[in-house]
Structure formats: structure tokens, C-alpha cells
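Engineer: Chains A and B supply the protein sequences, listed in that same order. For the first sequence, the residue numbers in our numbering are 1 to 277. For the second sequence, the residue numbers in our numbering are 1 to 386.
It cannot be assumed that every hint is accurate.
The calculated SDA-like cross-link candidates involving lysine to any residue, where the alpha carbons are at most 20 Å apart (straight line), are [as the list claims (entries may be wrong)]: (1) B:K368 to A:R9; (2) B:K107 to A:L221; (3) B:K123 to B:G280; (4) A:K7 to B:E313; (5) A:K7 to B:D375; (6) B:K107 to A:H14; (7) A:K265 to A:T202; (8) A:K16 to B:K123; (9) A:K56 to A:K77; (10) A:K265 to A:I240; (11) B:K107 to A:V34; (12) B:K107 to A:D225; (13) A:K258 to A:H156; (14) A:K7 to B:Y314; (15) A:K7 to B:N312; (16) B:K368 to A:P15; (17) A:K56 to B:G280; (18) A:K90 to A:E131; (19) A:K16 to B:P381; (20) A:K16 to B:D375; (21) B:K107 to A:D228; (22) B:K368 to A:P220; (23) B:K107 to A:G172; (24) B:K107 to A:V175; (25) B:K123 to A:V34; (26) A:K56 to B:K368; (27) A:K56 to B:K107; (28) B:K368 to A:V175; (29) A:K56 to B:K123; (30) B:K107 to A:L222; (31) A:K16 to B:G280; (32) B:K107 to A:H156; (33) B:K107 to A:A224; (34) B:K107 to A:I240; (35) A:K216 to A:E184; (36) A:K16 to B:Y382; (37) B:K368 to A:K216; (38) B:K107 to A:P15; (39) A:K16 to B:K107.
Calculated from the structure, these hints are not laboratory results.
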Amino acid sequence: MWEYTEKVRDLFLHPKNVGEIENPDAVGEVGSIVCGDALKLTLRVDRETDRIVDAKFRTFGCASAIASSTALTELIKGKTLDEALTITNKDIAKYLGGLPREKMHCSVMGREALEAAVASYRGEKRPGAEEGEIICQCFGITDQKLRRVIRENNLHTLDDVTNFTKAGGGCGSCVPDLERILNEVWAGQPVEKALKPKRRLTNIQKIALIQDVMEKEIRPLLQADGGDAELVDVDGNRVILSLRGTCTGCLMADVTMKNIERKLKELVSEDLLVEEP
Amino acid sequence: MKVVYLDNNATTRMADEVREAMLPYLTDLYGNPSSMHTFGGQVHRSIETSREQVASLINAEPDEIIFTSCGTESDNTALMSALLSRPDKRHIITTRVEHPAVLNFCKAMGRRGYRVTYLSVNKLGRLDLDELDEALDDDTAIVSVMHANNESGVIFPIRNIAERARSRGVPFHTDAVQTAGKIPVDVSDLNCDMMSLSGHKMHAAKGVAALYIRRGTRFAPYIIGGHQEKGRRGGTENVASIAGFGTASELARNHVASGDDAVRQLRDRLQQGLLDTCPGALVNGDPLNRIPNTLNISFEYVEGEAILLRLNEYNICASSGSACTSGSLEPSHVLRSMGVPFTAIHGSVRFSLSRYTGEDEIEFVLEKMPPVIRDLRELSPYVKEI
Ligand SMILES: Cc1ncc(COP(=O)(O)O)c(C=O)c1O
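Input sequences plus hints: build the corresponding full structure.
Structural biologist: Here it is, written out as C-alpha cells:
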């Protein structure tokens with residue numbers, strides 16, 4: 001089922017600024033038909049004032065990609081290039097009244113088309129386009145783009161990295177690299193984490209929350225890989241888990257335990273430690 | 001607005017007769033079929049009647065049928081049983097285009113140390129049977145190939161495949177979820193050892209299905225519990241749904257036996273109409289070996305989710321193999337395995353009809369579709385390329 005807002009639906013059915021400006025001053029093309037979405041943005045820019053006097057798009061993609069393109073063009077029209085560049089993918093999503101999490105990459109694509117267009121106008125190399133090392137081969141996503149989107153959108157989970165960039169959503173072989181990058185991005189920023197309000201939980205609340213996270217977040221992931229984990233005990237901040245199925249003895253068992261610990265720290269309490277019985 | 005339901009490979013409307021057959025077991029006749037008293041006993045008899053009806057649909061004996069909770073359970077049970085019955089054998093053969101009920105089971109077994117061969121298909125969605133012969137070896141525990149594919153509708157040469165497997169002493173399972181009730185399905189003709197069926201794909205309720213197990217086939221239960229289904233599948237039976245499934249099987253058998261060709265004619269009308277009115281449209285899957293209700297068609301340079309959402313405005317229900325609808329970020333594994341070009345793979349739409357589909361519904365789609373495609377092409381940066 002589609003969980004689109006009325007605004008997305010409306011702008012999908014009645015898009016604005018469709019087409020291509022003839023002899024445009026700036027062109028930004030991102031995405032490809034192979035990846036399933038692509039956007040071509042053309043701009044008319046007033047050379048005196050650097051102001052965007054007109055913006056048009058053509059988009060191949062799903063409803064949210066098409067609606068994001070309208071949002072982008074509406075947001076940037078009348079702005080100077082510098083003003084336009086302050087618009088983030090979050091602004092695009094906000095204009096649409098929100099996007100389903102797994103569609104956030106559509107708003108990121110809009111923002112990238114803008115960057116590409118501005119760079120083409122200024123005769124610069126597009127930032128982040130060719131730079132960096134390609135991490136996700138399926139969708140051609142570089143580490144630089146990953147780091148930027150992770151920071152800008154305050155992403156902390158692998159799922160969200162995929163939702164916002166598509167990276168990891170194809171064959172999945174880059175997932176360990178994505179984890180590494182996520183860790184690196186936030187390792188240098190302990191301040192951000194400290195800003196998170198610490199919840200004071202009673203023991204019973206804590207156990208209930210741990211059970212909830214296990215059932216909703218952790219076990220489904222493990223089960224998808226033929227494994228499972230059982231909550232054996234909670235002793236203070238020590239969470240005792242026993243791994244089942246393919247997880248046991250699997251080379252990844254250590255990694256799995258670490259990932260579970262990360263999830264529990266993130267969703268329950270920073271102080272938790274995960275151990276095997 | 002009336003729903004125009006062309007997504008029957010996903011699920012079907014319940015037949016009125018099926019609902020009627022179920023009602024007594026949802027109201028007065030709530031006894032447990034395992035009970036000793038007459039009240040429960042009469043419920044037991046209805047299950048055995050259904051078993052006969054399901055068996056008769058596929059030309060099997062009633063004692064060769066066990067009831068399960070869904071097609072997925074039937075597939076999992078069949079494969080797991082084959083592996084458990086021959087623990088020394090560690091190799092599975094299946095295809096790249098199976099339903100996730102088989103494919104993901106095999107992948108999971110692959111992670112548990114089994115060797116899995118995934119047979120490939122060509123552009124038309126056909127298998128290369130030489131590849132099967134090469135893959136078969138003394139270690140093979142089971143071959144599982146679906147009777148017809150749920151996305152492309154392509155029918156596989158099951159009898160031929162079964163013979164190749166069985167001649168090497170390897171049991172053969174087929175997932176016939178998409179063929180039962182649409183084309184003749186006969187277990188002795190197809191020569192298979194196990195076969196999966198699912199109720200909700202043939203106008204019965206959701207949550208009821210069957211597994212055929214040929215007499216003499218080694219079997220190990222997947223759901224272990226009480227003595228229900230002669231110990232082959234534990235758990236108190238879903239009595240009402242089973243009763244409905246029996247009726248649905250009888251309706252399906254009569255429909256197939258009648259030789260009624262209306263579904264095929266409507267499908268062909270839809271296909272021809274779309275090809276005539278929408279430029280850049282191509283049919284996916286072997287046109288000569290398809291179940292009669294399915295049309296998988298790609299519209300180049302437009303995206304499937306966008307098409308579906310536009311159709312949704314008219315209450316037209318269909319599905320797509322595009323990345324945006326697949327739940328992952330990649331387009332359908334079936335279309336990718338068939339090598340459908342990327343210009344077309346994201347723009348695939350599957351229309352699947354049923355014997356309840358009316359001509360007016362097909363005409364309605366034919367009226368709405370060309371402007372939808374035209375509008376979306378207008379938006380597409382690749383439009384010049386058509
Ligand atoms: C070919 C095939 N096999 C198995 C299934 C699974 O059936 P069920 O939904 O009853 O689990 C389906 C249904 O989508 C199917 O199309």
C-alpha cells in the first residue's frame with residue numbers, strides 16, 4: 001500500500017514545472033534508468049543577479065520521485081543560486097508533508113540534481129559526483145555521498161542509510177562497509193550522541209523495552225538469515241542472549257552480537273552490554 | 001467506484017459457493033474434528049470430503065493430500081521433508097524464478113551448508129533442461145520447479161523435468177499454486193512426487209492450502225504436534241477454510257473441464273489492445289506457454305509504481321515488477337533472470353484475470369491505459385528515445 005501524503009499524491013497526479021527549458025543556463029542530470037529513477041533539471045538563471053527565474057524537470061521514477069521534482073522546482077524558483085543551495089533534501093520532504101522512510105532517497109535525488117545544475121552553471125565539477133570511492137556497486141554510491149547524507153539527515157541505522165541513499169538495497173554485499181562508514185561518521189561526533197536525552201528507566205521498563213526491541217527489531221533480521229536469538233536474562237545492564245540457528249558458531253556470531261548491542265544501546269539505553277550465557 | 005480487480009495472481013475473490021460452504025463451520029458446527037463426540041465427528045467428515053475434492057482436482061488419491069496453512073507452508077514442508085528424509089544428501093536443485101516460498105527457503109538452506117543449484121531461464125522465461133541434467137548428481141536430495149511462474153505466467157515442462165529427476169532417483173516437487181484451477185493439473189500426468197496448492201489463489205479463503213505427497217514418498221512432517229493429518233501436519237484443522245477449499249476445488253475442476261476459454265480471450269484482447277494503443281510496450285514471457293489469465297507487459301521509459309498509482313485512481317488493481325514495488329530496491333528477480341532490458345524492467349505491469357473478470361473491466365483498462373502511459377512519458381527524461 002502507498003503511504004503517501006495527499007500533497008505527494010496531488011503533485012504526482014498534477015505535477016508542476018514539467019519539461020525542459022530550451023537553451024538552459026544550467027542542467028543537472030542525476031540517476032539512471034538502470035537504477036530505476038532519474039531526474040533532469042534545467043534552469044534559466046539571470047546572469048546579473050544569479051537568480052533562478054525558471055526551473056523545469058523531467059523525471060523517470062515512482063510517484064515520490066515525481067512529486068519531489070515538483071517540490072524542488074517550486075522551492076528554488078525565484079531564489080539566487082546560493083539561496084537555493086541551502087535547500088536540503090529534508091526541505092523537499094517537508095514541502096511534501098513528509099515521505100515514507102523508504103522513499104527518502106527521492107528527496108536526496110532532488111537535492112543532487114540541484115547541486116549538479118549549479119555546478120554546471122558555475123563551470124565547477126559537481127561536488128561529490130566523481131569524488132570518493134564507490135561503496136555500493138549496485139547503485140554507484142560513493143563514501144562521500146554516504147557520509148554527507150548520513151550527517152545531514154542524522155542517520156543511525158543501516159536501514160535508514162538504504163532508505164536515504166539506496167546503498168545496500170541491491171545485492172547487499174556492501175553492508176559491512178556501510179556499517180563501517182556509519183560507525184566512523186558517528187565515532188568522531190560524540191557530542192551528537194550526548195545530546196540525546198537520557199531516559200531513566202526502571203528495571204521492569206528496561207526489560208520490557210529490551211524484549212520489545214528484540215521482537216520487533218532484532219529477531220526478524222536474524223530470522224531472515226536463518227538465525228535467531230533468545231533473551232535469556234537481564235542482569236543490571238548485562239543482557240544475556242543466546243544465538244540460535246545459523247548464528248551459532250557462524251563466523252559472524254561476534255559481529256552479530258555487536259550489532260545487537262548497538263541496536264539495544266541505540267533504542268534502549270547506552271549502558272547495556274550484550275553477552276552470551 | 002467499482003473495483004476493477006486484475007491482480008488475481010496475488011489473491012482472488014472468494015466464490016459465493018465457497019463462502020456458503022464455510023459458514024456452518026464459522027457458526028454452529030464449531031466442534032473439534034479430533035473429538036470423540038458426534039458433534040465433533042461430523043466436522044471431521046467435512047474435512048474428508050474436502051480432501052476428496054482437492055484430490056480430485058489434481059487426479060490424486062485423498063490420502064495423498066495434507067492440508068496446510070498456506071502455499072508457503074506447503075512449499076517449505078515439501079522441501080524440508082525431502083532434506084530430512086535423506087540427511088546424507090546435501091544438494092537442492094531449483095530455479096532462479098521460483099516464488100520466495102521456495103527461493104528463500106533454498107537460500108536459507110544454502111546458508112546452512114547445503115549446495116543449491118539455481119537453474120537459469122532464457123529471454124522467454126524458459127528453462128534449459130540440459131542444465132538440469134548436468135546439475136543432477138548422487139548428492140541431489142530434491143528438485144523443485146514451479147508449474148507456472150506467478151509473475152510472467154510462463155508454464156514449465158513439468159512432466160519432462162520430473163522424468164529427468166525421477167530417472168536419477170531424485171524426488172520432484174512442483175509448486176502448482178498458480179496453475180490449479182487455471183489449466184489442467186494432473187499429478188500422474190505430471191509425474192511429480194509432491195505438489196503445492198494454495199486456496200486463496202483459486203477463490204477459497206486465505207490461510208488454507210494443500211500439499212500432495214505421492215504414496216510411497218518418504219515424508220517427514222514440518223509442523224510437529226498432534227495426530228491430525230495422520231501425523232503429517234500437527235495442529236487443529238482450519239475447518240471452515242478447508243470446507244471452502246474443497247468447494248473451490250470442485251468449482252475449479254468444473255471450470256477447467258468445461259474448456260471455457262473466456263479468460264484467455266479476455267487476456268488476449270487486453271494484450272492486443274495495449275500493444276496497439278501504447279507505443280513502446282512489450283510482452284514479457286513466452287507467449288506460447290503461458291497460463292491463460294496472466295499478462296506481464298512492460299512500458300518502456302516509464303516506472304511501474306507510477307503506472308500503478310495512476311491506475312489506482314481509477315480503482316484498477318494490478319501489480320508491477322518495478323524496484324519501487326518489489327520491497328527491495330531492485331526490480332523483480334524473475335524479470336531480471338529473463339534478461340528483460342533495463343529500459344523496460346522498471347515499467348512492467350502484471351495484469352492477472354480470473355473467471356470472474358468481465359469484458360467491461362478489460363475495456364475500461366484499455367480506455368484508461370493509453371493516456372496514463374502518455375502522461376508519464378511526458379514526464380520522462382527518456383521520452384525522446386521512443
Ligand atoms: C507460485 C507461488 N507459490 C507460492 C505462493 C505462496 O502462497 P501463500 O500466499 O498461500 O503462502 C504464491 C503466492 O504468492 C505463489 O504465487
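Engineer: With reference to the structure, classify each hint as holding or not holding.
Structural biologist: Results of checking the hints against the structure:
1. B:K368 to A:R9: 18 Å, holds
2. B:K107 to A:L221: 15 Å, holds
3. B:K123 to B:G280: Satisfied, since the Cα-Cα distance of roughly 18 Å is no more than 20 Å.
4. A:K7 to B:E313: Distance ~15 Å between K7 of chain A and E313 of chain B Cα, so the pair holds.
5. A:K7 to B:D375: 19 Å, holds
6. B:K107 to A:H14: 43 Å, violated
7. A:K265 to A:T202: 16 Å, holds
8. A:K16 to B:K123: At roughly 39 Å apart (the allowed maximum being 20 Å), K123 of chain B and K16 of chain A break the hint.
9. A:K56 to A:K77: Since the Cα atoms of K56 of chain A and K77 of chain A sit roughly 10 Å apart, the hinted pair holds (cutoff 20 Å).
10. A:K265 to A:I240: Between K265 of chain A and I240 of chain A the Cα gap is close to 14 Å, so the pair holds against 20 Å.
11. B:K107 to A:V34: Cα-Cα ~26 Å, so violated.
12. B:K107 to A:D225: 9 Å, holds
13. A:K258 to A:H156: Holds, at about 15 Å.
14. A:K7 to B:Y314: Distance ~19 Å between K7 of chain A and Y314 of chain B Cα, so the pair holds.
15. A:K7 to B:N312: 16 Å, holds
16. B:K368 to A:P15: With Cα atoms ~19 Å apart, K368 of chain B and P15 of chain A stay inside 20 Å; holds.
17. A:K56 to B:G280: Judged against 20 Å, a Cα distance of about 25 Å means the pair is violated.
18. A:K90 to A:E131: 23 Å, violated
19. A:K16 to B:P381: 15 Å, holds
20. A:K16 to B:D375: Holds, at roughly 13 Å.
21. B:K107 to A:D228: This hinted pair holds, its Cα atoms lying about 16 Å apart.
22. B:K368 to A:P220: 41 Å, violated
23. B:K107 to A:G172: Roughly 14 Å separates the two Cα atoms, so the pair holds.
24. B:K107 to A:V175: 18 Å, holds
25. B:K123 to A:V34: Holds - the C-alpha atoms of V34 of chain A and K123 of chain B are around 18 Å apart, at most 20 Å.
26. A:K56 to B:K368: 27 Å, violated
27. A:K56 to B:K107: 46 Å, violated
28. B:K368 to A:V175: 42 Å, violated
29. A:K56 to B:K123: 38 Å, violated
30. B:K107 to A:L222: Given pair K107 of chain B, L222 of chain A holds - Cα atoms ~14 Å apart, limit 20 Å.
31. A:K16 to B:G280: Distance ~25 Å between K16 of chain A and G280 of chain B Cα, so the pair is violated.
32. B:K107 to A:H156: Violated, because 29 Å separates the two Cα atoms, which is more than 20 Å.
33. B:K107 to A:A224: Distance ~10 Å between K107 of chain B and A224 of chain A Cα, so the pair holds.
34. B:K107 to A:I240: Violated - the C-alpha atoms of I240 of chain A and K107 of chain B are around 29 Å apart, more than 20 Å.
35. A:K216 to A:E184: 26 Å, violated
36. A:K16 to B:Y382: Distance of about 18 Å is within 20 Å: holds.
37. B:K368 to A:K216: With Cα atoms ~42 Å apart, K368 of chain B and K216 of chain A exceed 20 Å; violated.
38. B:K107 to A:P15: 42 Å, violated
39. A:K16 to B:K107: 45 Å, violated
In terms of the numbered hints stated before, the structure departs from hints 6, 8, 11, 17, 18, 22, 26, 27, 28, 29, 31, 32, 34, 35, 37, 38, 39, listed from lowest to highest.
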